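Colleague: Mind docking chains B, C and D on chain A? Use the hints.
Residue numbers (this note's numbering), protein chains in the order written: chain A, 1 to 104; chain B, 1 to 104; chain C, 1 to 104; chain D, 1 to 104.
Everything labelled a hint here was simulated from the structure, so no lab data went into it.
Here the structure is a predicted model, which is why all the values come from computation and not from measurement.
Honestly, I wouldn't trust all of these hints.
Pairs involving identical chains hold if they fit within one copy or between any two copies, as the list cannot separate such chains.
[To be verified] Derived DSS-like pairs: lysine-lysine, alpha-carbon spacing no greater than 27 Å straight-line:
#: 1; residue 1: K92; residue 2: K19
#: 2; residue 1: K92; residue 2: K44
#: 3; residue 1: K19; residue 2: K44
#: 4; residue 1: K27; residue 2: K44
#: 5; residue 1: K38; residue 2: K27
There are 4 protein chains.
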Amino acid sequence: MTDHPETVQPAHHGYISAKSAYLARLKRIEGQARGLQKMVDDEKYCIDILTQITAMTSALESVALGLLGDHLSHCVHEAVAAGGEEADAKIKEASEAIARLVRS
Amino acid sequence: MTDHPETVQPAHHGYISAKSAYLARLKRIEGQARGLQKMVDDEKYCIDILTQITAMTSALESVALGLLGDHLSHCVHEAVAAGGEEADAKIKEASEAIARLVRS
Amino acid sequence: MTDHPETVQPAHHGYISAKSAYLARLKRIEGQARGLQKMVDDEKYCIDILTQITAMTSALESVALGLLGDHLSHCVHEAVAAGGEEADAKIKEASEAIARLVRS
Amino acid sequence: MTDHPETVQPAHHGYISAKSAYLARLKRIEGQARGLQKMVDDEKYCIDILTQITAMTSALESVALGLLGDHLSHCVHEAVAAGGEEADAKIKEASEAIARLVRS
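Isolated chain A (complex conformation):
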């Protein structure tokens, strides 16, 4: 992004506007992963560890859904507006990502 310093760079990816918010959420998730290690190391009660894992999974899922929504609103939107084969390819790709997410 730095090789054209004089031009305003387009936001290539939909999440860019909320980049710092996503980074903060992922930082918190990283903290949860560290907290889990401490819980295991301290031999905390299994059920309490499971509760924390459930919270962490939900937080990750929220990030995924946010990114997917941004992707549809920006990348897919733009590709469809531009038309052509690229539009179909983008929609197919998004559908496959959704399927992976639902099945995970």
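Modeller: Here is chains B, C and D on its own, set in the frame of chain A:
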């Protein structure tokens, strides 16, 4: 759909081309629901019933993902190609449906 | 269960006490599967169909979780109380069913 | 665990035998969380980020299922073998944790 009998109706919804395939899959799912009742009535082993429920849930999930893919390829695609506020509304609506699906 | 009319039969499976409740819930789920076919046949809006599928998946999941809880409270409980290899086998089997459920 | 240094401590929790394996898996998951931050910071393609999130969710789910299996094999097993109200409470608690896991 019957109030304009003399005109060819456009395919309003994306799944229409595969309508009979979807109906067949849902018919099979209905049969699975009946099979589960028989298993409970016959007091089959819980784990075997759970295995059947898992199969039925996967079948339902596949139908949902198929419909969602069709929806993106047709309804959302058309709305975005047409442009305007409708496009954004359709994408927002699809994103919310995806979130419900992922969280269910 | 009727070939030993003079003896009191043990409840082999945990869900037996709530059998009619499970049957009623599965009957309702079967109705949801039929309702979905009607929605597809009537070419209802995709998103509304997806909402119904999500509701049906949640209903199925609740039945699965209920059966699993009953299974742990009865079958697994009894096997463990009786001790021996059977106990370990039952717990392993239940764990595998849980994994299938979580991943479905 | 350190206030009775002269006695051999019983393994209170089921996962203790595999503690270092769990710690290694959680360390890897923490690394995935850091990798995701780098991907967002570098503005990688959304779909690639989603693929990584899906992998991380699966890894977390596996840890949860492992811990749950250990919990059933050890804590719940012991409580049931000991009998009494504690057994029922442990099974109820495990069932609730399973429900949270399935619904997350």
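Colleague: Compare the structure with each hint and give your call.
Modeller: How the hints compare with the structure:
1. K92 x K19: both (25 Å within a copy, 20 Å between copies)
2. K92 x K44: between (44 Å within a copy, 19 Å between copies)
3. K19 x K44: The answer is between: 11 Å across copies meets 27 Å, while 35 Å in one copy does not.
4. K27 x K44: For K27 and K44, both the intra-copy (23 Å) and inter-copy (17 Å) Cα distances are at most 27 Å.
5. K38 x K27: Both ways: K38 and K27 sit 17 Å apart in one copy and 11 Å across, limit 27 Å.
Violated hints: none; the structure is consistent with every hint.
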